[in-house]
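So in numbering that gives the first Met the number 0, spot 13 of the sequence shown is number 12, and the numbers just go up one at a time.
Derived from the structure by calculation, the hints contain no laboratory data.
Hints should not be assumed to be uniformly reliable.
[Claimed, not checked] The calculated label-pair distances, taken between Cβ atoms and stated as ranges, are:
| # | residue 1 | residue 2 | range |
| --- | --- | --- | --- |
| 1 | Gln142 | Thr324 | 51 to 61 Å |
| 2 | Gly23 | Ser65 | 45 to 55 Å |
| 3 | Gly107 | Ala261 | 33 to 43 Å |
| 4 | Ser76 | Gly23 | 26 to 36 Å |
| 5 | Asn179 | Thr255 | 16 to 26 Å |
| 6 | Ala347 | Val138 | 53 to 63 Å |
| 7 | Asn179 | Met307 | 36 to 46 Å |
| 8 | Leu144 | Ala71 | 29 to 39 Å |
| 9 | Pro58 | Ser109 | 49 to 59 Å |
All values derive from a computational prediction rather than experimental measurement.
Beta carbons are placed, not taken as given, at the ideal position from N, Cα and C, and that holds for glycine.
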Amino acid sequence: MIVGQNTLLNQYVPTFYIKNITDGQILIYDSVRKAFINSDNIGGGGSATRLGELEDVSPTVDNPLSLQNGQALVYNSFTSLWENSFTDYNTLLNKPVIPTNSSFSFAGLSDTAKPSLPNGYVLWNSAGSQLVYSTTIPVSSIQGLAPVATAGTLGSLTNVSPTSDALNNISDIGKTLSWNGTTWIPVNPQMRVVATLSARDALTPTLGNQVYVVNSDDGQGDYVNAWSLWIYTISGPSNGWTLLSRQQSSGGECSTIEYTIADNSPAVITVGTLPTGGRITLITIEVISPFSGTPSLEIGYTIENPSMPSPVPDGLMSTSEIDLTTVGTYSTISDILFGTDTLPGDVAITANYVAGIPGTGSAQIIVSYV
């Protein structure tokens, strides 16, 4: 390549730019480069066979070492030549103004209903043309729900007997669900507590069920406000019920131990003491007003024997049988004959109490024994 300039006659003789000289070329003036260049004698008709041979195109467009995929032909006003180079968004001129992410909002979309609904849900309208707000989602719009979600009943569960949905009268009070090997079915609990003898007779018991009657008034002035304990034998003399024990039975030897629990009761309580040979006929926890928080109560015993046997803190009633947060009566019986089934010695009836929120709750422990 020859590049030169007449330094003496610069104001009269232009620069010359000569490269890749071949036979037959001539020297012509290029007004773009403002210099004399060597060129094929094309007689004015033009015979360029490559892009880089054009006078206003950079020769790099024909150079495989400088060409890369994705390049474009871009005019360079500084060199007055078309050159191969990459173009991207940053090199474009007159670009449109695009808002930043903070300029967008869901509520501002043209197919979103106005105004927005606080704490609402968004769903398409029936025509599928606009997003609208709703305070609820219809059950019919939710697929895959279990039957219990739509029926809202216990009996709609797949492993619970549908008959549980038919428990709706006073005789069903106190019934529980029992697993029969395949399904949970409603059954009468072994021990139920009722207020009166008429409430006892309204039950639908099965053989072996027991009931504790709080007020055994027989309508003739007997056993008023006295408790009684019955077992259902089908052929029992009192509508199928047979008396097990009564508050006034055994010549007055039947006794009751009571203890009232409040929110500030101690954690370990001695409810009372039974003599050796005694038998508990009924344990009742009467929740008079509910406790708040997560309170718990269990009833057990300790045998007062010189060998000092280990206490049995939940030997009479476990925490799962007592709900101090719900007003009600929770009862159970025990078949322990103290002194025979246990070591001899007086029996201390104990209660382990975990308090709930201070200032709430009241309950009474009642232990009946003979």
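Going through the numbered hints above, which ones does this structure break? Give me the numbers in ascending order. 1, 2, 3, 5 and 8
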